[in-house]
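*Asks:* Given these sequences and hints, build the entire structure.
Protein chains in written order, with our numbering: chain A, 504 to 614; chain B, 11 to 120.
Hints are computed from structural coordinates only; laboratory data are not their basis.
Using C-beta positions, here's what the derived DEER-type ranges look like:
id: 1; chain 1: A; residue 1: Q548; chain 2: B; residue 2: N67; range: 23 to 33 angstroms
id: 2; chain 1: A; residue 1: R545; chain 2: B; residue 2: H29; range: 21 to 31 angstroms
id: 3; chain 1: A; residue 1: V563; chain 2: B; residue 2: P27; range: 32 to 42 angstroms
id: 4; chain 1: B; residue 1: G39; chain 2: A; residue 2: G519; range: 48 to 58 angstroms
id: 5; chain 1: A; residue 1: V518; chain 2: B; residue 2: T89; range: 35 to 45 angstroms
Bear in mind that the values here come from a model prediction, so they are computed numbers and not experimental data.
Just so you know, even glycine gets a beta-carbon here, dropped at the ideal spot from N, CA and C.
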Amino acid sequence: SQTIHQWPATLVQPVGSPLSLECTVEGTSNPNLYWYRQAAGRGLQLLFYSVGIGQISSEVPQNLSASRPQDRQFILSSKKLLLSDSGFYLCAWSVFPGGYTFGSGTRLTVV
Amino acid sequence: DAKTTQPNSMESNEEEPVHLPCNHSTISGTDYIHWYRQLPSQGPEYVIHGLTSNVNNRMASLAIAEDRKSSTLILHRATLRDAAVYYCIRVSGGYQKVTFGTGTKLQVIP
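*Replies:* As structure tokens, then:
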């Protein structure tokens with residue numbers, strides 16, 4: 504079966520510290536992978552998407568970066584967190600025309 | 011970016027049917043219509059998707075207008091567990107670059 508793992512579930516980090524969120528997918532090959540961010544009470548903002556290993560497209564210029572070192576691994580990073588980076592981060596995968604499968608999310612609070 | 015329009019909120023009584031509308035007036039012929047729902051502090055959950063014909067699954071039904079410019083998600087008997095934010099999105103082939111809007115917050119009244 505197809506599953507997606509995202510960790511950690513919650514994270515509190517000081518301003519200026521680095522960030523690494525990891526997402527792995529099982530049970531599918533060559534999926535499209537995505538990182539979304541959701542502010543409280545808002546919709547999902549697409550941050551990055553990837554159609555293959557090493558192929559990353561950024562939707563919103565900001566303090567974050569993404570990498571896809573393996574087919575089913577997607578990593579969201581930051582060298583120095585800002586207060587505005589706080590939010591609910593979601594990883595997802597899809598294979599067209601099927602639906603998106605989302606991870607359980609990481610609640611990031613930058614203090 | 012592929013835009014859809016949904017009401018911000020809706021209410022339904024428990025055990026009654028719910029019709030959640032979505033407008034996608036600029037949809038192309040190859041765009042699929044997807045619906046998701048999100049509970050608080052959870053990732054969105056896939057509900058249903060379709061291209062042209064109406065679709066049914068164990069969770070819901072999707073009615074797509076003949077001109078495909080709108081669709082309706084139908085929950086046949088609303089339960090308290092159906093209270094969530096429902097998102098309607100258009101999914102194209104290729105890169106599937108999709109941003110979810112703010113969706114419709116469904117409140118189910120016991």
